[in-house]
Amino acid sequence: MKKSLGTVAVAAAMALSLSACGGSGSSAESAKGEISYWLWDANQLPAYQQCADDFTKANPDIKVKITQRGWDDYWSTLTNGFVGGTAPDVFTNHLGRYGELAENKQLLPIDDAVKKDNVDLAAYNEGLADLWVGQDGKRYGLPKDWDTIGLFYNKAMLAKAGISEDQMKNLTWNPQDGGTYEKVIAHLTVDKSGKRGDEAGFDKNNVAVYGLGLNGGGDSSGQTEWSYFTNTTGWSHTDKNPWGTHYNYDDPKFQASIDWFAGLVKKGYMPKLESTVGAAMADTFAAGKSAINAHGSWMIGQYTGYKGIEVGIAPTPTGPEGKRASMFNGLADSIWAGTKKKDAAIKWVEYLASAPCQDVVASKAVVFPALKASSDKAAAAFKAKGVDVTAFTEQVKNKTTFLYPITDNTAKVKGIMEPAMDAVVSGKQPASSLTEANNQVNALFK
Amino acid sequence: MMTTLTKNPAARSDQRPARSGRIRRGGIRRYGDLKIALFFIAPAMIGFVLFYVVPTIRGIYLSFTEYNILGDPEWVGLDNYAAIAKDPLFWNSLAVTGQYVLMNIVLQTALALGLALLMDRVAKSTLVRGALLLPYLMSNVIAALLWFWMLDYQIGIVNQFIEWAGLPRVAFFGSEEWAIPTQALINTWRHMGYTALLIFAGLQSIPQHLYEVAKLDGASPFQTFRKITMPLLRPVLVLVLVVTVIGSFQVFDTVAVTTQGGPVNATRVIQYYIYQRAFTESDFGYGSAIAVILFLILALVAFIQMKFLKGNESDLD
Numbered sequence: 001m002k003k004s005l006g007t008v009a010v011a012a013a014m015a016l017s018l019s020a021c022g023g024s025g026s027s028a029e030s031a032k033g034e035i036s037y038w039l040w041d042a043n044q045l046p047a048y049q050q051c052a053d054d055f056t057k058a059n060p061d062i063k064v065k066i067t068q069r070g071w072d073d074y075w076s077t078l079t080n081g082f083v084g085g086t087a088p089d090v091f092t093n094h095l096g097r098y099g100e101l102a103e104n105k106q107l108l109p110i111d112d113a114v115k116k117d118n119v120d121l122a123a124y125n126e127g128l129a130d131l132w133v134g135q136d137g138k139r140y141g142l143p144k145d146w147d148t149i150g151l152f153y154n155k156a157m158l159a160k161a162g163i164s165e166d167q168m169k170n171l172t173w174n175p176q177d178g179g180t181y182e183k184v185i186a187h188l189t190v191d192k193s194g195k196r197g198d199e200a201g202f203d204k205n206n207v208a209v210y211g212l213g214l215n216g217g218g219d220s221s222g223q224t225e226w227s228y229f230t231n232t233t234g235w236s237h238t239d240k241n242p243w244g245t246h247y248n249y250d251d252p253k254f255q256a257s258i259d260w261f262a263g264l265v266k267k268g269y270m271p272k273l274e275s276t277v278g279a280a281m282a283d284t285f286a287a288g289k290s291a292i293n294a295h296g297s298w299m300i301g302q303y304t305g306y307k308g309i310e311v312g313i314a315p316t317p318t319g320p321e322g323k324r325a326s327m328f329n330g331l332a333d334s335i336w337a338g339t340k341k342k343d344a345a346i347k348w349v350e351y352l353a354s355a356p357c358q359d360v361v362a363s364k365a366v367v368f369p370a371l372k373a374s375s376d377k378a379a380a381a382f383k384a385k386g387v388d389v390t391a392f393t394e395q396v397k398n399k400t401t402f403l404y405p406i407t408d409n410t411a412k413v414k415g416i417m418e419p420a421m422d423a424v425v426s427g428k429q430p431a432s433s434l435t436e437a438n439n440q441v442n443a444l445f446k
Numbered sequence: 001m002m003t004t005l006t007k008n009p010a011a012r013s014d015q016r017p018a019r020s021g022r023i024r025r026g027g028i029r030r031y032g033d034l035k036i037a038l039f040f041i042a043p044a045m046i047g048f049v050l051f052y053v054v055p056t057i058r059g060i061y062l063s064f065t066e067y068n069i070l071g072d073p074e075w076v077g078l079d080n081y082a083a084i085a086k087d088p089l090f091w092n093s094l095a096v097t098g099q100y101v102l103m104n105i106v107l108q109t110a111l112a113l114g115l116a117l118l119m120d121r122v123a124k125s126t127l128v129r130g131a132l133l134l135p136y137l138m139s140n141v142i143a144a145l146l147w148f149w150m151l152d153y154q155i156g157i158v159n160q161f162i163e164w165a166g167l168p169r170v171a172f173f174g175s176e177e178w179a180i181p182t183q184a185l186i187n188t189w190r191h192m193g194y195t196a197l198l199i200f201a202g203l204q205s206i207p208q209h210l211y212e213v214a215k216l217d218g219a220s221p222f223q224t225f226r227k228i229t230m231p232l233l234r235p236v237l238v239l240v241l242v243v244t245v246i247g248s249f250q251v252f253d254t255v256a257v258t259t260q261g262g263p264v265n266a267t268r269v270i271q272y273y274i275y276q277r278a279f280t281e282s283d284f285g286y287g288s289a290i291a292v293i294l295f296l297i298l299a300l301v302a303f304i305q306m307k308f309l310k311g312n313e314s315d316l317d
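First to last, the protein sequences are chains A and B. Note that this note's numbering has the first sequence beginning at 1, numbered continuously upward. Note that this note's numbering has the second sequence beginning at 1, numbered continuously upward.
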């Protein structure tokens with residue numbers, strides 16, 4: 001009796017420890033219970049809340065608890081969660097971050113599930129699904145949405161300056177004289193006495209309306225700041241993408257483009273970098289302080305939502321190689337490797353990436369879902385709201401997009417490039433100083 | 001309390017004559033005191049060990065490793081320290097922090113001393129004295145954000161006034177020249193009331209009769225201040241300086257919610273740089289090594305202050 005009790009105790013202890021270890025293993029039990037899901041964009045919360053409700057209706061055993069956290073502390077809270085064991089089962093992931101997370105074994109590869117459940121990867125907009133295959137060849141997420149860059153402009157200011165919307169749609173750019181893009185920007189710039197930027201006697205130190213708004217120096221990617229023109233010259237951030245191991249900020253083509261960009265500030269066509277600390281670029285546009293803002297498609301709602309301002313959206317200018325360019329960034333949902341409800345999490349991720357959920361997101365007209373069919377529905381939903389989004393969608397249709405640079409060490413690259421770009425855009429350093437920063441960046445990959 | 005302490009040892013020695021016979025009463029009392037003392041120290045001690053000693057030791061250990069928090073720390077010896085010595089951003093952060101501390105402490109201490117004198121002589125109402133402390137009751141982040149918006153280049157009210165006065169707008173947070181002075185001023189504004197309160201307490205501990213005697217001898221207010229107030233206030237002032245200098249070196253929250261190290265590197269203060277390396281760039285070993293260096297710098301600064309300003313002696317004795 002005594003002996004058997006002891007054996008039972010040992011067996012029980014073993015079973016306990018085994019089940020503790022096998023917590024993340026798949027079992028019939030794990031497709032039940034509550035799973036946690038994080039995202040950072042408050043604008044998208046209502047759409048995903050509805051997805052979660054629909055999901056629970058279809059799978060009554062699984063509840064989804066959604067937490068929205070602002071971008072600024074999203075990643076540090078997530079990292080703390082990984083270490084402390086409190087990370088969400090599923091979370092919205094970013095291309096700039098997932099490489100590092102995958103390398104540190106924080107993400108669950110989902111190849112088997114994708115294969116088993118026959119997820120059709122060809123139904124997503126081209127390239128989006130491939131972005132989420134890591135360096136080890138494993139899949140770490142299913143695409144949820146995408147974004148491109150466009151030019152938001154103030155219709156009243158354009159009309160007053162006599163610039164037609166047709167002209168806006170056919171802008172050209174080159175790093176030497178800025179093409180018609182610079183001409184339009186100059187003409188839209190107005191100083192305090194009413195003189196335009198291309199008129200004699202323009203006072204560049206007392207500008208009332210800048211032709212082009214400025215968001216910041218653009219750090220390593222220049223997503224909305226400069227990549228839409230630097231990448232029309234044939235330049236690209238890295239030697240290959242994804243998983244490049246060499247950055248190209250030392251390329252004369254790139255530096256010439258950035259010199260042109262910084263030159264806009266010197267000419268008084270774009271606000272000084274120092275004035276951009278604080279109020280957001282979109283808000284200063286709303287306040288009538290800039291005529292054109294280059295920004296991402298995720299900002300459509302904000303720009304078109306300002307009262308009393310008619311906003312048009314034009315595609316980015318055509319560059320020296322005869323093509324437009326826009327960074328193509330996509331988000332995905334990933335599963336934390338430490339999840340205790342693996343099966344439920346996989347089900348939820350697959351649902352998020354499926355047409356029923358992406359159509360719900362499309363109907364809210366906030367972002368473009370990753371599925372081709374849902375993207376079209378989103379464009380229709382925007383149209384119903386009176387917003388023409390062709391400027392964003394045509395970049396994808398005409399294949400003029402390039403991918404967000406995905407490499408290792410992205411946080412460190414940003415740490416080096418942010419001050420370096422700021423120094424150039426603020427006019428403290430010439431663009432040639434980026435060669436030194438580029439050496440520091442590439443030293444990270446040795 | 002006193003009675004138990006004196007009674008107990010005697011009672012014990014009565015009970016165990018054989019063992020305590022040769023032990024002097026003092027020895028037993030010390031032993032008894034220790035037990036009770038430990039009991040009372042324990043709450044503070046546990047917190048101190050758990051939240052200060054252990055993390056400090058672990059931080060020192062991590063400073064000799066390469067550690068990205070998700071993997072395991074890997075011993076690299078002095079590599080981090082060697083890299084820091086050659087890191088221009090580290091030296092920049094020291095210089096930037098130095099500027100900040102200098103501006104913040106000089107202004108804050110001077111203003112606080114003035115305020116304390118006013119509190120002591122003029123503003124005797126509790127309401128006014130309390131009001132001086134108001135900014136300190138605000139959280140650092142709120143204070144920083146409040147000023148961040150008031151001083152905004154485009155939409156800040158301060159710049160609106162500046163423009164009305166016919167002067168050009170100032171990029172308080174955006175320009176490299178202004179960013180650090182602006183932050184130093186904000187924190188001066190927030191802390192001077194509290195610092196003034198500490199100095200005020202020091203002022204009140206100066207015996208009143210000294211002032212009466214000085215008055216009888218016909219000393220001018222300035223002479224009284226120089227010859228009586230300042231020397232007698234010295235121990236308090238030194239303490240205040242040590243505490244505020246250490247606090248000032250650790251400026252972080254204001255920078256984190258406003259400029260985040262920029263423009264370029266103008267506000268990349270040492271604490272922010274540690275945070276950036278460790279939490280943003282997942283280089284906890286490197287961050288810990290800078291933290292250890294900061295720890296040594298602060299220990300040295302505090303030591304120098306105590307030693308040369310004779311903070312632990314009072315002229316009253």
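Heads up, a few of these hints could be off.
[As the list claims (entries may be wrong)] Here chain B is said to cover these stretches of chain A; the calculated rule only asks that three of the stretch's residues, wherever they fall, bring their Cβ under 8 Å from a Cβ of chain B:
hint : segment
1    : 274–287
2    : 306–318
[What the hints assert, rightly or not] Here are the computed lysine-lysine pairs in the DSS-like style, where the Cα-Cα straight-line distance is at most 27 Å:
hint : chain 1 : residue 1 : chain 2 : residue 2
3    : A       : 399       : A       : 307
4    : A       : 63        : A       : 32
5    : A       : 253       : A       : 32
6    : B       : 35        : A       : 412
7    : A       : 364       : A       : 65
8    : A       : 428       : B       : 86
9    : A       : 414       : B       : 215
10   : A       : 289       : A       : 266
11   : A       : 446       : B       : 307
12   : A       : 428       : A       : 192
13   : A       : 155       : A       : 340
14   : A       : 195       : A       : 267
Keep in mind the hints are simulated off the structure, nothing from the lab. From a predicted model like this one, the values you see are computed outputs, not experimental measurements. Even for Gly, the Cβ is constructed at its ideal location relative to N, Cα and C.
To see whether the hints hold, each was checked on the structure:
Residues of the segment 274–287 of chain A lying with their CB closer than 8 Å to a CB of chain B number 9, which satisfies the three-residue condition for coverage. For a cut-off of 8 Å, the count of residues in the segment 306–318 of chain A with a CB near a CB of chain B stands at 0, and the three-residue condition is violated. Taking the CA atoms of residue 399 of chain A and residue 307 of chain A, the gap is about 34 Å. The hint is violated against a cut of 27 Å. With a C-alpha separation of about 8 Å, the suggested pairing of residue 63 of chain A with residue 32 of chain A holds against the 27 Å cut-off.
For the given pair, residue 253 of chain A sits about 55 Å from residue 32 of chain A by alpha-carbon distance, which is inconsistent with the 27 Å threshold. With a CA separation close to 52 Å, the supplied pair residue 35 of chain B and residue 412 of chain A exceeds the 27 Å bound. Between residue 364 of chain A and residue 65 of chain A the alpha-carbon distance is near 20 Å, which keeps this suggested pair within the 27 Å criterion. The straight-line distance between the Cα atoms of residue 428 of chain A and residue 86 of chain B is roughly 23 Å, inside the 27 Å bound, and the hint therefore holds.
Our distance criterion of 27 Å between C-alpha atoms is broken by residue 414 of chain A and residue 215 of chain B, whose separation comes to about 65 Å. At most 27 Å may separate the alpha-carbon atoms for a hinted pair to count; residue 289 of chain A and residue 266 of chain A meet this at roughly 17 Å. The hinted pair formed by residue 446 of chain A and residue 307 of chain B fails the criterion: a straight-line CA distance of about 48 Å is larger than 27 Å. Between residue 428 of chain A and residue 192 of chain A, the direct Cα distance comes to roughly 26 Å. Compliance with the 27 Å bound is thereby established for this hinted pair.
Simply put, residue 155 of chain A and residue 340 of chain A have alpha-carbon atoms about 53 Å apart, too far for the 27 Å limit, and the pair is violated. Restraint check: the Cα-Cα separation between residue 195 of chain A and residue 267 of chain A comes to about 14 Å, which is no more than 27 Å; the hinted pair holds.
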